[in-house]
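Participant: Spelled out from the first residue to the last, the chains are:
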Amino acid sequence: MQDSNSFDVILLGTNLVNSILSSACAWTNLKVLHIDENPFYGEVDGSFGLRDVLNVSETGDREVENLCVKRTGEDAPALQDIKVEILEKDMLPSLKGITIELIPKEMYAGGSLVELLSKTKIYKYLLLKPQRSFRFYASNKEWTKVPESRADIFNDKTLSLTHKRLIMRFMKYVSSIDDEQNQEQLKQWLSRPFHDFLKENFELPQSIQEGIVYGLCQALDSKISTQRALEKIKKYFQSFATYGDYSYLIAMYGTGSELCQGFCRSSAVMGGTFMLAQKVNKVEATSVELGEGKKLWAKHIVPSQAIKMTNISETSVRQRCLLVRGKCPGLFHQNLFLLSEASQLHFVPYSLGDKWPNSVQARVLGVGAGSCPEGYTLWYLQTLECEYSCELLASATNKLIELSHSEDTKPLMYADMLIDQRDLADYDIAVETAKQLYGKITGSTDSFFQRDTVLDDDDE
Amino acid sequence: MHGILRVKLNEEQKRLKLEKEKTKIQEYKGLIEQFQRARQLKDYSSEKLKLTTELLDWNPETYSVWNYRREIYLSSVFPNISVNEKQDVLDKELQYVLSKMKMFPKVYWIFNHRRWCLENAPYPNWNYEMMITEKLLSADARNFHGWHYRRYVVTQIEKQGNYDLAGKELQYTSSAIATNFSNFSAWHNRTKLLEFIIKKETDPELRRQLAQKILQEELDTIHQAAFTDPDDSSIWIYHRWLMGHCNQVGAPPILSVLSTEERIQYIAQEIQLLEELHELEPENKWCCELLIEYGLLIRILSNQKTTKQEQTTWVSLIHTLQQVDPQRQGRYQYLLKKIETITNA
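Chains as they are written, first to last, in the working numbering: chain B, 319 to 778; chain W, 14 to 358.
A few of these clues could be false.
What the hints assert, rightly or not - Only pairs whose alpha carbons sit at most 20 Å apart, straight line, appear in this in silico SDA-like list of lysine to any residue:
id, chain 1, residue 1, chain 2, residue 2
1, B, 475, W, 237
2, B, 552, B, 433
3, B, 490, W, 293
4, W, 63, W, 80
5, B, 490, W, 75
6, W, 298, W, 286
7, B, 490, W, 292
8, W, 119, W, 75
9, B, 517, B, 503
10, B, 490, W, 242
11, B, 475, W, 233
12, B, 490, W, 294
13, B, 463, B, 536
Don't read these hints as lab results, they were simulated from the structure. Every value quoted in this text rests on a predicted model; they were computed, and no experiment measured them.
Whenever a hint applies, use it, and build me the whole structure from the sequences.
Facilitator: Pasting the structure below:
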């Protein structure tokens, strides 16, 4: 009996976890309804056009609109305190073509999300570009290359022969941490600081250690655990050289937003129904009441944030997104096409000042990433929120301006927001989470995105 | 083929696949028979070119078909056309070969045919060929066909212009090695280029200085590689060449300018470094083996007796080798005998 108000699964919020889940359920021929209260896809994984935040008032002044991002079905807004500050009013370009990501993230080239995109062919909905970790600002106040591969160690003239051997030994160890004997020895270290683990077990020169912890692991402070650090390093090296000399992939026009849209599109193609900008009044165990009073039923209701991660710190992260005039070639690896695409830079603790024990993680996107017009770049800086985080970000910004190698580099405006650290989890964790939830709904994870394929020699 | 997933087929799918393949096999056999008959009858008419194209599109590794194709060109196409027409025909042929090369970059016969085309062409474009080697090697820096072809093209360019590209080519190998030093072809190419560069210097004293400078620089690079990844075989093979410890007729030019004492000095320097590495990596088989080989080499060159202590060290190294590399027991037994022979001589 077809009941148009009854579904197998209702999902609230088109964030990445739920978009993947929506698609997985639709692929299994479940009747899926996906609702989002926001007028755009992605929730906190989404992006917004700069035009939606800055408006031109009657007097010709730029005005800042309130940007509201809701977690569907919940009362409090997801992102609060978005502060926009305009530095150079007259130099702002036409705001068309500038996409600001709420939480900029990248995909690991060897990670489970990229694997899933490949297997499901959802990558065809995306335009993928490489992103590389470029340099880190070390405690000796020098910009240093992040050690990404054996070739980097080989070519580094500042390392002694013995140091090269010790570093490579560490890299070899990381690639074999899943071996039984290593797992045994690791058990006692997993929750302890990675810093201590390195000191006890490996002799690495200071600069290499900093490059690994703040470059490869993107740590926000020195307290990163051994488990977390080793996972990230292992994934980093696994990913490097998968598709080319880089570990990360981004999607043009806002990675998170495009990923969510890609999976939602796949879900719709397989029969999922979508409702955007749809107000939700009440959510109960097996029903959802929409704004107009209509009630919809489902065996499973998936809230916007179904799995709350508990092992991550409560401290917020201050993120500053700057719109910068200038091509900033000094911030990117030079590539064949001389297109600035996407780069990462890192500041280690205390490198910018003796009073600042937190690191700053920076991502720089150029016109090649599709987020801004030619001649401009978007800089995203992240640091743990504390009393001096604004000072720290300002100092980091100045250092980046110095490094950018173009005389006309000038920040024109910035948007500050506070982010929950739990939302910083990388995209592969979203895939695992979606898979877990899928298992709860269908009883098993075996059929997650499995469809019978017939081998045909003429297939591409 | 690499990188293509094997998909499991069920019984029905397997049967369908076999059916499809049977018809294809019949077709192919038919074409081969046509070709064999035509060649037997010495039919070199230009219409038969189409037959060879069809066969080579199926399978570019049938070298007899390439041979037949060349025979057709030589017998019935080239004799009847002007020089410019010949260039046009060969240009088209080169395009065809290039399309095959893109799909099969490691087939000897494709490279042979390309060389034949260029050698028969009135106006071969060597710069274009150079660009092709660049593309080949950027797609796969370890494709020895690509490197071999590059040496061929470089030689042709040098002949034409009467100059040498050795310096530039050396830089090219340096950048290949900087990207990934597990590249046998790059190191091999380097040996050829360094020999040439040293031989080019005619003044004996300058040649000596040049050889020493080169030797030390190469050794420094190898040291960096050896400590980065001591398990990589290509660097040790190159090291043996630098030390003159490889199967070569006559001493390599890099060492022939040195006196025996100087040569012994270099070997001693390397042994010291190997001992350092051996301390860090006691199970590395290359270290163990080369410590013995170079030690023996010094004794032979200096015509001095081995000491008791050396002998003991070497024998214990042999035991380590037999443990960490049990598949080569025989080789290390042989090395043990060699130690005994030289010690007792």
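Participant: Which earlier hints turn out false for this structure, listed by number in ascending order?
Facilitator: 5
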